[in-house]
Structures are given as structure tokens and as C-alpha cells.
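Residue strings, one per chain:
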Amino acid sequence: MNAKYMFSLVAVIVLFLLAYAGVEAAGLHVLFGVVIPYAAIAVFTVGFVWRIVNWAQSPVPFRIPSTCGQQKSLPWIKPAVIDNPATTGAVVIRMILEILFFRSLFRNLKFHFNEGNRFSYIWEKWLWLGALAFHWAFLAVVVRHLRFFAEPVPFWVQWVEQLDSFFRVEFITDFLQIGLPGIFLSGLVLLAATIYLLLRRIVIPQVKYISLAADFFPLFLIIGIALSGILMRYFLKEDIVGIKEFTMGLVTFHPSIPKNVSGIFYVHLFFVSVLLAYFPFSKLMHLGGIFMSPTRNLANNSRTQRHVNPWNYPVKVHSYEEYEEEFREKMIEAGLPVEKEL
Amino acid sequence: MASNKQMYDKGKVVAGLVIFVILITFPFWYNLGKAAPAPELKLTEKAKAEKTCVMSKEEMKAGHMQLLDIWRERVVRNADRTYVNESGKEYSMSLSNTCLDCHSNKAEFCDKCHNYVSVAPYCWDCHIDNPKEAKK
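Each protein sequence line maps, in turn, to chains L and H. If you're matching positions, the first sequence starts at 1 in the numbering used here and goes up one per residue. If you're matching positions, the second sequence starts at 343 in the numbering used here and goes up one per residue.
Just chain H, same shape as in the assembly (with noise of 0.2 Å):
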């Protein structure tokens, strides 16, 4: 039987594959003609005068979420609200006080990473108040 092969049910069969194809190369037709270059933050001119967050650029990058869950534990649980960091500098543990001091733009900072890798942290669902910009 090998030399006359058919597909049997072939309108049915190509419909599928073709269903498949679409599904599997969906990221190829979403992106078509999109460039998606990671995000440019921009530093407010506080931050850039400070110079270095209470970690370094790197560990903030990947462990800023870890740092601040650790940070409200101590402050909540344990009334202690004193970071001394690794240079010896102390800084006072708070998101609203400390971090959105420097980092005031929260548009332009926070969120444009957080948007680009589809992350929604529920920091703002209380903090709002010091991004000292208009509420939405």
C-alpha cells in the first residue's frame, strides 16, 4: 500500500493541524513585527544622588521582593524597624517612607519592570500614599 497513500478524513485532519500550528507558533504571530527591548528605568534625581540603594544594584534587582517581605515581617512581628545594611549605613524599614522616597516615580520605576514580566504585586493595594503622584 505504500505507493498509493491518501490521508483519509483529510478535511478534518488538515483543519486540526492547522489549528495546532496556529496555537503552537502563537508566539511568533503575536510578537510579528514588535520589538520588546526590557524597559529603561528612569532614577529620580534623589536616587541618583544617593547613589547606592540599601543593597547593591544587583541583589535589589533579583531580591528587593524577598527584602521587603522581610522587612514587614520585622517591623509587624517584631516592632524592629532599623535596617543596618551591609556598609553599615541604618535606614529606617519602610516601603512608603524609605523606598518610594528615592524611588517617587512609581510609573516610571516600579511598574515598568513589573508590567514587562507581568508581575502585580499587592504593595500598592496599601501603599499608595507616598508616590507622590495623582492617585488612579
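Chain L on its own, in the form it takes in the complex (with noise of 0.2 Å):
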């Protein structure tokens, strides 16, 4: 048992109670429905751009990209152009590069001592996997559920749609039928990258050591959005009309409560609420800091081009040409040599 996770389980845990009890014993419809979720995607983009603002603010006089490969130096020696850029077209592709396939990540290695303290490097590729799987599973997840907030549905949806019900799983037995409606398999892949990422931070002591409870709050949220949301999907089958009619009703601002929708749905309206209110203030930001990090964003280039402080406060000189200027007949009278005679 550890303090840190148990505590992010109970607070998803309470945050389970409050709508589910709010919805189907307060009857609190508008506010689960319609308030929380304004607010929510209100404070998100507000405080998205805040932060983003807040960190443009910070100033970067120098290069300070990580160098991972040879620099552009002479013209015989093979420069490492993308992990090493000198352009901001190479920062450029280092940085799609990064944001698409989590470059750094795939560098990822484990220290390992074998026989005889003999020092190792193992190939660690399941933090890059887990990671790469959770992130374009969610993406495609939220594409999908834009199936919702757009009528009528985009091309580019239905295209997610299809790919992602790629595969037809069928199975019938007595108790259990499943194939219709279609499986999508990013719901699934979200779910089981998600309890991946969340047991690695449990079993493993180093990385338990250093997760807090910040780490594992998103982490249990996203498990039971992905829960709540395939509950609903394969099992529930709530009113999929009654809800799309909902949530246009949100996007058009004519907000209208679907009847016969059972609590779930509002306990998946609220987590995704908090997850979105919640963003700004947290790691999640990785969002939009990924794009703001000097340490990947930037050329490196201060070898050919000069970077000046800004700030830098002007520093009184007295050269040696303006000394000699002022001393000169003393220097000459000392006997000591002197750049321009008199």
C-alpha cells in the first residue's frame, strides 16, 4: 500500500460518488450536464493559454538544446543533422519527430549491473510503447467522440471510425454477445495502455519512488473515462441519439437534459470535465509545454551566430586606447611605452 496512490484512487473514487449520487439521488441533471462541463471547458482554454503565456514570458537568451550527436563543426565531419540541429528546419523535423513518435522516449535504456559488476545497458522499449500506444489511442478516441459535437459528422471522422473498427471481433456465447455494435479498438488500447503506464509506476520500486500522487490521479481518471465510456458503449447501451442530441444541444448552447440517460454517462461527463479543468494546472501541460522546451526547440547554433543577453546591464569601460589617451604625458614622462607618441 502506498499513500501517494491510494490517494489519487479514493479522490477518483469520490469524484465516481459525487456524480453518480449527485445525478441519481439529488437529481443535480443541469449541473453535472450543463454547468460543470461549460465551466470546465471554460477554465481549460483559459488556463491553457495562461500557462502558455506564462512560459513565453520566461526568457531564453541562450542555446541550450540537448545535443544528441555530432555538431556542425567543419565541413569533413558528419554532423548529426536532426539530433544535433544547426537549422530551424532540422528543429523543425526534431521536433514533429518528438511530438509524433516520442523520439526521446525510444532512447529510453535500463542500467543493469550483470556477473562480476560488470556496468549495462538494456534495451527498454516499454515506456515508449505504452506511452506511444496511449497517446494516438486517445487521440483517436477524441476524434471519434467528435461524432457528437458535429452534425452533420465529418468525412475525417467516419474515416477514424472505420479504421479503428478494423477488425470485426464476434463472439456469441449464452451470457455474454459481442461484435455488435462494432468494437473500437482505440477504447480498448487506451484502457490497457493505461492500467500498463499505471502498474509500471506500482511494480517497479525506482519509478514507484519517485511517482507522486500527481502521477496517478490522470492515471486512475483516464482508466475509469475509458471504463465508463466502454461500460456505456458495449454493455449499458445508453440512448445514443438522446445523448447526441444532448451534447449538440451543449456545442449549439441550447443545452436540453436527455431523459433516460442513467448516471454513468453523467459520471463520464464529469470525469472528462475534471480531467479538462484539471489540465492546466498539472502535468498534463506536457500538451503545450512540448512545444515550448528549449531544450528541444532551439538550433543549435551558437557557434556561428552571436546570442547576447538582453538584459545585460551596461558595463562602464575604459578601454586601453582611452587610458592612453588620459596618462599619456604621465606614461611618457615615467619612461613607459606608449601606442602613439604625443
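Calculated from the structure, these hints are not laboratory results. Where a beta carbon is used, it is the ideal one built from N, C-alpha and C, also for glycine. Heads up, some of the hints might be wrong.
As the list claims (entries may be wrong) - Chain H stretches covered by chain L per the calculated footprint, using a threshold of three residues with CB under 8 Å from any CB of chain L:
1) 363-373
2) 459-468
Said to hold, decoys possible - No farther apart than 30 Å at their CA atoms in a straight line, the calculated lysine-lysine pairs in the DSS-like style are these:
3) 237/L / 376/H
4) 237/L / 390/H
5) 448/H / 283/L
6) 259/L / 454/H
7) 354/H / 237/L
8) 384/H / 431/H
9) 237/L / 388/H
10) 340/L / 330/L
11) 316/L / 393/H
12) 393/H / 259/L
13) 388/H / 403/H
14) 72/L / 352/H
15) 399/H / 454/H
16) 347/H / 283/L
17) 384/H / 237/L
18) 237/L / 393/H
19) 208/L / 330/L
20) 237/L / 431/H
21) 259/L / 403/H
22) 78/L / 4/L
23) 354/H / 72/L
24) 259/L / 384/H
25) 448/H / 259/L
26) 237/L / 399/H
27) 352/H / 237/L
28) 376/H / 454/H
29) 388/H / 259/L
30) 403/H / 237/L
31) 376/H / 259/L
32) 403/H / 393/H
33) 399/H / 259/L
34) 283/L / 354/H
35) 390/H / 259/L
Build the complex from these two chains, which are given one at a time in their own frames, with help from the hints.
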């Protein structure tokens, strides 16, 4: 047992109970269905912009990119164009690879002592793979959900849906019927990847040691979102047309509360609202932060361009020329060599 | 430094933020000025006369796809073609001959909701014979 993850788990359970009881027992449909989602999207957007503006106000006077290869140097030395970018173009490529494929995570290594205290590096790709699966699945899930927020549904949302339901998993027993509605792979991958990322933080001692409640909370929250979504789609069978009418009401500013929608839908909505509102104030801001990282987004051109610290205070200097100008006569009198005779 | 705050790389940062806000508010501007109420279904005269479907309206609305899946399994694997519903009435388990017999107006009935929530069922890959409409 660990206080940090127990704290986060309990927090998510409390949020679940809050939404479920709030809707099912207290009848606060308007609060959980309309007020909180609007507030959450407002907090998310304003908070996100505020954080970015705040970061943009931090000066980065010098070039501090992490250099992962040979710097551009003499013509016969082969430079690492992307890993040690010298131009803006190379930086753009580096950023795209970083953002889409997590290249720096791919470099992740594990260190280990072999027998006889021989130090060795171990190929460790699981974190990279888990992170990649998680982020891409989450993106697919978000894009898929746009079908509830757009009428008519854009073609690219339908493409993602078709791609996502590419595997027709069909399975029927007396207890269980799987196959219709079609299985969306992204939801399952999202759940599996989140659980892996959570277990990693619980099982590996070193990772557990550096994990805080703020690391566990979003994981539990996203697991809650994925579970409630899967539950609604495949098992509870919510009134999907009613839900779309409700979400369309939200985005056209004519909110109406759907009938015959269970508390789990409000739990799902509340979890997402909490995630959005929590986003700007948490580690999740790496969504914006990745673009702002000076160790990634700067070209390593310190040797070709001079970067002057913009807030250097003016230093009062007295050059030798001025010095000799002032004391020339006295210097000649004292027999000291001067550059310019009288 | 708190007094004279300024944004560095202002052009790039503001451009990025504008893109971010446009993406985030996509549902709001995409649907601007559009009302999108849930579609109203038209029942055929035959369906109206029949009064009840094989299950209650609520159960059908939520679970018709699972029922069809189970029907197909029973017919194709077990050669069992008779479905007895809760009130004891017997039906032939057939999309074309039972469901689409009453609901022969696919465009006004099936498609309305399916299109609204962007569902593309593969039923129609084969069962295009009985919607008594012109094939497209």
C-alpha cells in the first residue's frame, strides 16, 4: 500500500460517487450535465492559454538544446542533422518526430550490473511503446467522439471510426454477446495502455519511489473515463441518439437534459470535465509544454551566431586607448612605452 | 523582473495559441447557427398497425443490434428460425422478412438514426433485397 496512489484512487472514487449520487439521488442533472462541462471547457481553454503565455514570458537568452549527436562543424565531419540541429528546418523535423513519435523516449535505456559488477545498458522500449499506444489511442478516441459534437459528422471522423473498427471481433456465448456494436480498438488500447502505465508506476520500485499523487491521479481518472465509456458502449447501451441531441445542445448553446440516460453517462461526462479543468494546472500541460521546451525547440547555432543576453546591464568600460589618451604625458615622463607618441 | 513582463517569440507563440483555440472550439464554430435535433422516425402503416415490435420500444432502441447478432448466430449456426418473445408471440428470425417487412422504409427509419450518430452497419451489405425501395 502506498499513500500516494491510494490518495489518487480514493479521489477518483469520490468523484465517481459525487457524480453518480449527484445525478441519481439528488437529481442535479443540470449541474453535472450543463454547468460543470461549460465551466470545465472554459477553465481548460483559458488556463491553457494562461500557462503558455506565462511560459513565453520566461526568457531563454542562450541556446540550450540537448545535443544528441555530432554538432555541425568542419565540412569533413559528418553532423547529426536532426539530433543536433543547426537550422530552424532541422529543429522543425526534430520537433515533429518528438511530438508524433516520442523519439527521446525511444532512447530510454535501463542500467544494470551483470555478474562481476559489469555495468551494462539494457534495451528498454516498453515505456515508449506504452506511451505511444496511450497517446495515439487517446487521440483516436477524442476524434471519434466528435461524432457527438458535429452535425453532419465530418468525413474524417468517419474515416477514423472505420479504421478504428477495422477488426470485426465477434463472439457469442449464452452470457456474452460481442460484435455489435462494432469493437473500437482505440478504447481498448487506451484502457490497456493506461493500466500498463499505472502498473509500471506501482511495480517498478525506482519508478514507484519517484511517483507522486499527481502522477497517479490522471491515470486513475483516464482509466475511469475509459471504463465508463466502454461500459456504456458495449454493456449498458445508453440512448445514443438522446446523448447526441444533448451534446449538440451543449455546443449550440441550447442545452437540454436528455431523458433515459443513466448516471454512468454523467460520471463519464464529469470525469472528462474534471480532466479538462485539472489539465492546465498539472503535468498534463506537457501537451503545450513540448512546444515550449528550449532543450528541444532551439537550433544549436551558438558557434555560428552570437546570442547576446538581452538584459545585460551596461558595463562601464575604460579601454586601453582611452587610458593612454588620459595618461600619455605622464607615461612618457615616467618612461613607459606608449602606442602613440605625443 | 515581474514589472516589465514581455513575451518572447511572440509571433510564434500567439500563432500556436490561435491554432490551439481554433482546434479546441471546433464543435462550437462547426455547428454555428445549426440546430441539430434528434431525427424523428416515420413508421410505416404496417408498423403502426402492428403496435409492438418483438421487444419493447426502449429495448429495441438500445439493443436491436445485439438482437440481430444473436438471431444471425441462431439461424446460421443452429438452424433455429423461430423466436419467441416475452409475450409468447412467435416470429421468424429474419432481418429481411420480419424486421424489414414492417420497417420497409429504410431511409426514413433505419438510416435516420444511423446517420445522425454516424453508425455504418454492415447489415445492408447483403440485406438490400427487402427494403421495398429502389436500390441505389
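Given pair status - residue 352/H, residue 72/L, alpha carbons within 30 Å: Since the Cα atoms of residue 72/L and residue 352/H sit roughly 28 Å apart, the hinted pair holds (cutoff 30 Å).
8 Å C-beta test of the stretch 459-468 of chain H against chain L, three or more residues: The restraint on the stretch 459-468 of chain H holds, since 5 of its residues have a Cβ under 8 Å from chain L and three suffice.
Decide if the proposed pair is consistent with the structure: residue 208/L and residue 330/L, CA atoms, cutoff 30 Å inclusive. Given pair residue 208/L, residue 330/L is violated - Cα atoms ~74 Å apart, limit 30 Å.
Take the C-alpha atoms of residue 384/H and residue 431/H, compute the straight-line distance between them, and say whether it is at most 30 Å. holds (25 Å)
Given the hinted pair residue 259/L and residue 403/H, is their Cα-Cα distance within 30 Å? Since the Cα atoms of residue 259/L and residue 403/H sit roughly 14 Å apart, the hinted pair holds (cutoff 30 Å).
With the threshold set at 30 Å, check whether the alpha-carbon distance from residue 259/L to residue 454/H stays at or below it. Distance ~19 Å between residue 259/L and residue 454/H Cα, so the pair holds.
Verify the proposed pairing of residue 354/H with residue 237/L, using a straight-line Cα cut of 30 Å. Roughly 46 Å between the alpha carbons, so the hint for residue 354/H and residue 237/L is violated.
For residue 388/H and residue 403/H, compute the direct alpha-carbon distance and say whether it is at most 30 Å. Given that 30 Å is the threshold and the Cα spacing comes to 19 Å, the pair holds.
Given the hint that residue 237/L pairs with residue 431/H, does the C-alpha gap stay at or below 30 Å? Distance of about 25 Å is within 30 Å: holds.
Just to be careful, I want the Cα atoms of residue 390/H and residue 259/L compared with a cutoff of 30 Å; is the pair within it? Given that 30 Å is the threshold and the Cα spacing comes to 24 Å, the pair holds.
Take a quick look at whether residue 237/L and residue 393/H sit within 30 Å of each other, Cα to Cα. Roughly 24 Å separates the two Cα atoms, so the pair holds.
Is residue 354/H close enough to residue 72/L, meaning Cα to Cα at most 30 Å? It holds: about 26 Å lies between the C-alpha atoms, which stays within 30 Å.
Hints 5, 7, 11, 19, 22, 27 from the earlier list are contradicted by this structure; the remaining hints agree with it.
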